[in-house]
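Let the sequences and hints guide you as you build the complete structure.
Add 2 to the 1-based position in the sequence shown for our numbering, that's all there is to it.
There could be a bad hint or two in this list.
To be verified - Taking lysine-lysine pairs in the DSS-like style, the calculated list, with each CA pair at most 25 angstroms apart, reads:
(1) Lys42 to Lys61
(2) Lys42 to Lys30
(3) Lys7 to Lys42
(4) Lys30 to Lys7
(5) Lys7 to Lys61
(6) Lys30 to Lys61
Simulated from the structure, these hints should not be mistaken for lab results.
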Amino acid sequence: MLTHKQIWRGLDLLATQAGLSASGLARKAGLDATAFNPSKRYVAGGSRLRWPSTESIAKVLEAMNVSFEDFASMASGGMAAGRPVPLLGLAQAGSGGFFDDAGYPIGSGWDEVRFPGFDGSRAYALEIAGDSMEPVFRYGDRIVVAPEESVRRGDRVVVRTSDGEVMAKELRRMTETRIELASLNVDYPDRVLERRNVDWIARIVWASQ
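Spelled out as structure tokens, the structure:
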């Protein structure tokens with residue numbers, strides 16, 4: 003199973019193999035040149051590594067014509083990566099009694115899917131329904147959610163409100179009292195939620211599309 007450190011190592015290896023710097027790899031993928039800078043690899047305060055965004059990894063792999071499975075194998079030193087994670091539908095995610103206070107599914111009997119390269123001990127997958135998250139996430143796509151990961155502006159997140167509404171949005175701003183979310187589909191409105199009305203917010207760390 004890949005660690006945060008191995009993910010970053012994999013990106014550095016891709017850059018080296020292509021004769022590029024980390025900044026050059028980011029530019030080749032159409033990203034900001036600073037996307038893979040050391041300062042972007044740690045959470046605030048520099049205490050621990052964070053995951054690159056799912057979109058940035060996908061763009062790099064597309065630009066380099068490398069599959070995620072090959073990337074995971076290379077980053078892990080050639081060892082197979084991945085583990086099964088619980089799979090829920092959005093309707094289940096919105097129902098009461100399925101989650102603990104931290105936003106992780108409780109109970110047993112869930113379907114499972116395997117996502118290569120993710121080692122989060124409390125990760126799980128959600129299957130997208132409807133069109134409110136297009137064109138980023140489409141009906142039937144499966145997204146991996148990691149409730150233990152810290153979130154920051156620009157991250158794609160899943161949010162569950164206290165009345166059972168579940169949505170995938172982009173985090174625009176989060177204060178002590180409010181969470182501001184940008185819609186992924188321009189046909190749907192942005193949202194501003196009071197934090198007291200939010201059960202949990204969790205970062206999307208990967209998508210199977």
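Handout entry: Structure versus earlier hints, numbers of those that do not hold, lowest first
Key = none
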